[in-house]
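Number of protein chains: 2
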Amino acid sequence: MASLNQMSSLELKNLKDELLKKYDEFKGRNLKLDMSRGKPSVSQLDLSVGMMDCLTSKDDFKTADGTDARNYAIFDGISEAKKLFADILGVSSSEIIVGGNSSLNLMYDTVQRALQFGVAGSECPWNKLDKVKFLCPSPGYDRHFAICELFGIEMITVPMTESGPDMDVVEELVASDEQIKGIWCVPMYSNPDGITYSDDTVKRFAALKSAAADFRIFWDNAYCVHHLSDDQDHLLNLMDECKKVGTQDRVFMFASTSKVSFAGAGVAALAASENNLAFIKKQLSIQTIGHDKVNQLRHMRFFKDLEYLKNHMEKHAEIIKPKFDMVLTWLNKEIAPLEIASWKNPKGGYFVSVNTLEGCAKRTVELCKQAGVVLTPAGATFPYGNDPQDSNIRIAPTFPPVSELDLAMELFCLCIKIASVEKLLNQ
Amino acid sequence: MASLNQMSSLELKNLKDELLKKYDEFKGRNLKLDMSRGKPSVSQLDLSVGMMDCLTSKDDFKTADGTDARNYAIFDGISEAKKLFADILGVSSSEIIVGGNSSLNLMYDTVQRALQFGVAGSECPWNKLDKVKFLCPSPGYDRHFAICELFGIEMITVPMTESGPDMDVVEELVASDEQIKGIWCVPMYSNPDGITYSDDTVKRFAALKSAAADFRIFWDNAYCVHHLSDDQDHLLNLMDECKKVGTQDRVFMFASTSKVSFAGAGVAALAASENNLAFIKKQLSIQTIGHDKVNQLRHMRFFKDLEYLKNHMEKHAEIIKPKFDMVLTWLNKEIAPLEIASWKNPKGGYFVSVNTLEGCAKRTVELCKQAGVVLTPAGATFPYGNDPQDSNIRIAPTFPPVSELDLAMELFCLCIKIASVEKLLNQ
Numbered sequence: 002m003a004s005l006n007q008m009s010s011l012e013l014k015n016l017k018d019e020l021l022k023k024y025d026e027f028k029g030r031n032l033k034l035d036m037s038r039g040k041p042s043v044s045q046l047d048l049s050v051g052m053m054d055c056l057t058s059k060d061d062f063k064t065a066d067g068t069d070a071r072n073y074a075i076f077d078g079i080s081e082a083k084k085l086f087a088d089i090l091g092v093s094s095s096e097i098i099v100g101g102n103s104s105l106n107l108m109y110d111t112v113q114r115a116l117q118f119g120v121a122g123s124e125c126p127w128n129k130l131d132k133v134k135f136l137c138p139s140p141g142y143d144r145h146f147a148i149c150e151l152f153g154i155e156m157i158t159v160p161m162t163e164s165g166p167d168m169d170v171v172e173e174l175v176a177s178d179e180q181i182k183g184i185w186c187v188p189m190y191s192n193p194d195g196i197t198y199s200d201d202t203v204k205r206f207a208a209l210k211s212a213a214a215d216f217r218i219f220w221d222n223a224y225c226v227h228h229l230s231d232d233q234d235h236l237l238n239l240m241d242e243c244k245k246v247g248t249q250d251r252v253f254m255f256a257s258t259s260k261v262s263f264a265g266a267g268v269a270a271l272a273a274s275e276n277n278l279a280f281i282k283k284q285l286s287i288q289t290i291g292h293d294k295v296n297q298l299r300h301m302r303f304f305k306d307l308e309y310l311k312n313h314m315e316k317h318a319e320i321i322k323p324k325f326d327m328v329l330t331w332l333n334k335e336i337a338p339l340e341i342a343s344w345k346n347p348k349g350g351y352f353v354s355v356n357t358l359e360g361c362a363k364r365t366v367e368l369c370k371q372a373g374v375v376l377t378p379a380g381a382t383f384p385y386g387n388d389p390q391d392s393n394i395r396i397a398p399t400f401p402p403v404s405e406l407d408l409a410m411e412l413f414c415l416c417i418k419i420a421s422v423e424k425l426l427n428q
Numbered sequence: 002m003a004s005l006n007q008m009s010s011l012e013l014k015n016l017k018d019e020l021l022k023k024y025d026e027f028k029g030r031n032l033k034l035d036m037s038r039g040k041p042s043v044s045q046l047d048l049s050v051g052m053m054d055c056l057t058s059k060d061d062f063k064t065a066d067g068t069d070a071r072n073y074a075i076f077d078g079i080s081e082a083k084k085l086f087a088d089i090l091g092v093s094s095s096e097i098i099v100g101g102n103s104s105l106n107l108m109y110d111t112v113q114r115a116l117q118f119g120v121a122g123s124e125c126p127w128n129k130l131d132k133v134k135f136l137c138p139s140p141g142y143d144r145h146f147a148i149c150e151l152f153g154i155e156m157i158t159v160p161m162t163e164s165g166p167d168m169d170v171v172e173e174l175v176a177s178d179e180q181i182k183g184i185w186c187v188p189m190y191s192n193p194d195g196i197t198y199s200d201d202t203v204k205r206f207a208a209l210k211s212a213a214a215d216f217r218i219f220w221d222n223a224y225c226v227h228h229l230s231d232d233q234d235h236l237l238n239l240m241d242e243c244k245k246v247g248t249q250d251r252v253f254m255f256a257s258t259s260k261v262s263f264a265g266a267g268v269a270a271l272a273a274s275e276n277n278l279a280f281i282k283k284q285l286s287i288q289t290i291g292h293d294k295v296n297q298l299r300h301m302r303f304f305k306d307l308e309y310l311k312n313h314m315e316k317h318a319e320i321i322k323p324k325f326d327m328v329l330t331w332l333n334k335e336i337a338p339l340e341i342a343s344w345k346n347p348k349g350g351y352f353v354s355v356n357t358l359e360g361c362a363k364r365t366v367e368l369c370k371q372a373g374v375v376l377t378p379a380g381a382t383f384p385y386g387n388d389p390q391d392s393n394i395r396i397a398p399t400f401p402p403v404s405e406l407d408l409a410m411e412l413f414c415l416c417i418k419i420a421s422v423e424k425l426l427n428q
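From first to last, the protein sequence lines stand for chains A and B.
Going from the first sequence to our numbering is simple: count from 1 and add 1.
Going from the second sequence to our numbering is simple: count from 1 and add 1.
Honestly, the hints are just simulated from the structure, not real lab data.
There may be inaccurate statements among the hints.
If chains are identical, the list can't say which one is meant, so a pair holds when it fits in one copy or spans any two.
Stated by the list, open to error - With a straight-line Cα cutoff of 30 Å, these simulated DSS-like cross-link-like pairs (lysine-lysine) come out: (1) Lys-22 to Lys-63; (2) Lys-282 to Lys-245; (3) Lys-305 to Lys-134; (4) Lys-311 to Lys-63; (5) Lys-370 to Lys-14.
Just so you know, these numbers come straight off a predicted model, no measurement behind them.
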């Protein structure tokens with residue numbers, strides 16, 4: 002099949018009839034598939050069940066420093082867990098706070114604390130300002146944007162490029178507008194594009210001139226160990242670069258084991274300069290006596306160190322790489338010749354980001370939904386759920402079994418085609 | 002020995018010399034004992050290690066509704082955990098949000114949300130008001146007061162009586178001052194007095210006329226299943242009483258298994274009206290994808306239901322009742338005849354609350370510390386750490402082994418005597 006743009010109206014109409022016939026067949030199958038969220042599959046979760054045997058009634062519960070993990074103590078994390086996250090994020094243990102089970106919760110709390118108390122060096126709590134704005138490289142992670150929306154933080158969309166956020170735009174905005182207090186970044190295998198920020202991008206983040214003295218980069222390194230194969234991206238360490246130019250107080254880094262061990266029952270961590278952490282600990286020590294040290298210890302007994310954890314991640318890759326390949330195979334076979342969409346070919350992370358013809362994303366997602374396949378809502382990858390091009394669709398291939406994914410992708414390609422034909426006929 | 006008040010100066014001086022001699026002997030022993038916090042002992046923690054065998058690699062991870070506890074889902078708690086906490090707190094499952102490992106964290110977050118967003122029915126977020134005040138029945142829990150202090154919430158001390166907070170004072174203040182938005186309560190086996198609120202007190206809480214439309218009672222039911230023997234207090238259910246008079250939106254209830262299973266690795270819950278929960282869930286669903294369901298499931302597999310949990314609590318009582326008895330035996334033997342302090346005889350909870358002669362608490366705690374026994378800082382049980390009588394000392398007998406507790410109490414009695422003699426000599 003040739004590019005749809007080359008087709009006459011009649012050809013398009015005939016094609017549409019043909020596509021709708023197939024679509025009706027799909028509807029008759031009563032599918033019920035979910036590709037909406039970046040969830041690990043059951044096989045991936047099973048990789049970590051051995052962790053549950055690491056702390057049984059026969060084991061001791063002593064942390065490295067002799068603390069009983071079952072009792073009150075240590076609000077900022079056991080030392081061995083700090084060490085592991087320090088290694089994961091490329092900082093020192095003194096720059097780590099180990100949290101509960103959710104890095105999203107850590108991010109939410111970090112924003113909430115900044116609003117209520119400011120951050121280290123703030124002239125006043127952000128709540129006291131007329132307006133607070135965040136830069137939102139987009140497409141991006143909908144839950145980041147939801148935090149801003151809930152708190153009434155104005156979101157400014159920044160375009161994504163192949164090397165990360167458009168740094169010309171970032172530099173100009175951050176330097177000129179002191180109401181801009183933060184930026185959301187998923188710097189490695191970004192959600193949803195799968196892009197890893199270039200060395201130059203990272204260096205420019207470190208060197209940013211900011212109008213706000215208390216500007217912060219929210220560096221959500223969710224996929225830092227989530228490679229799909231040995232062909233891996235490399236991310237320059239932002240904290241190192243910041244230290245070279247004295248801007249280390251600018252960075253909040255986040256990571257978790259949600260997609261290493263169990264999603265929602267892992268361990269999360271925040272990394273920041275000692276200056277930032279000293280400020281945060283004054284509030285955190287009032288918020289909690291401590292997060293779950295038993296789960297921290299269980300993770301440490303199982304994962305041991307970064308080397309072991311990396312080996313574990315290879316097993317994840319073995320399971321999910323074929324799913325990414327399947328998504329790309331469908332797109333390359335069914336969509337590429339028609340020239341009606343483009344997509345990234347990520348080397349890690351959890352998503353394949355597809356850009357349809359302008360104005361076709363919502364319709365494609367709706368068609369999929371009507372036939373029983375739930376995708377992330379179109380627009381979700383942009384602030385306020387509003388994709389100005391109505392073009393981006395986030396595919397999350399990890400959760401469904403391969404057979405279901407195969408079916409879902411067949412339908413997805415069909416729906417893109419229908420939406421595209423409809424658009425071209427209406428032009 | 003007779004009442005110290007009957008002694009002449011000479012007798013007091015001789016007694017002081019004698020006491021200081023004993024005290025110096027204690028100092029020579031280089032003790033290092035900690036009775037500062039309400040922590041369970043190792044034997045108590047060992048009661049729950051069987052829980053660690055309830056979810057091994059051989060077990061399934063399906064919750065009652067078939068959800069895989071290891072994956073993202075269910076931000077407000079698995080249904081069986083909701084049911085258990087509903088039974089513990091005497092509400093329905095639809096009135097429960099299961100949180101993470103810490104009820105303190107739930108309380109902090111509940112106050113922070115009220116500041117940022119208000120509560121259901123608020124005219125505006127509490128942050129937008131010139132001033133917010135909380136009533137603080139005292140002596141009370143220092144961590145409640147620390148939350149208020151951090152947020153700049155003005156604390157108003159309300160005296161405790163044998164039947165709970167002085168409700169005449171509470172009623173008058175809450176009815177007349179719309180800046181009063183909340184009150185901290187530990188209604189059963191209160192921290193530190195061990196007092197359980199009377200039926201009349203609970204009914205008066207339900208029927209309070211409040212100047213603030215969005216006044217809230219923070220009902221920290223931390224010790225609701227923590228009886229010391231079969232001779233138990235009974236607490237009227239505040240939610241039931243509120244429903245009778247239509248004030249059910251007034252209540253936030255909190256509980257946790259911190260002193261049931263593991264301190265800091267248990268499960269906590271918030272109970273409130275469906276109206277309140279609907280308001281909170283809008284924010285909570287942005288803060289987290291969900292708390293640790295694996296730990297919730299582990300707890301449910303072990304504790305099964307309220308009946309089983311109550312049996313488990315009897316084992317705790319067997320361990321800690323002798324410690325409470327030891328504290329009281331020392332006080333009755335050494336202090337009662339001298340008439341220099343009074344104390345409560347709690348039927349549950351974690352503390353024995355001692356009131357020294359006015360002006361003797363700080364000195365007593367300091368003397369203990371100098372000899373190697375750390376107590377909760379004097380004053381900690383009052384807002385801003387300021388006990389106007391300098392009289393209340395909170396004894397936490399659960400953590401030390403019996404032999405250490407014996408020694409610590411011998412020293413404690415000695416130190417009260419020294420502080421009292423010093424005071425009487427200086428009058």
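Status of the hints after comparison with the structure:
Taking the shortest alpha-carbon separations for Lys-22 and Lys-63, neither the intra-copy value of 64 Å nor the inter-copy value of 40 Å comes in at or below 30 Å. Within a single copy, Lys-282 and Lys-245 get their C-alpha atoms as close as 25 Å, which meets the 30 Å cut-off; across copies the closest is 43 Å, which misses it. For the homomeric pair Lys-305 and Lys-134, neither the shortest alpha-carbon distance inside one copy (40 Å) nor that between copies (48 Å) is at most 30 Å. Taking the shortest alpha-carbon separations for Lys-311 and Lys-63, both the intra-copy value of 25 Å and the inter-copy value of 28 Å come in at or below 30 Å.
Proximity of Lys-370 and Lys-14 under a CA criterion of 30 Å is satisfied intra-copy only: 23 Å inside one chain copy versus 88 Å between copies.
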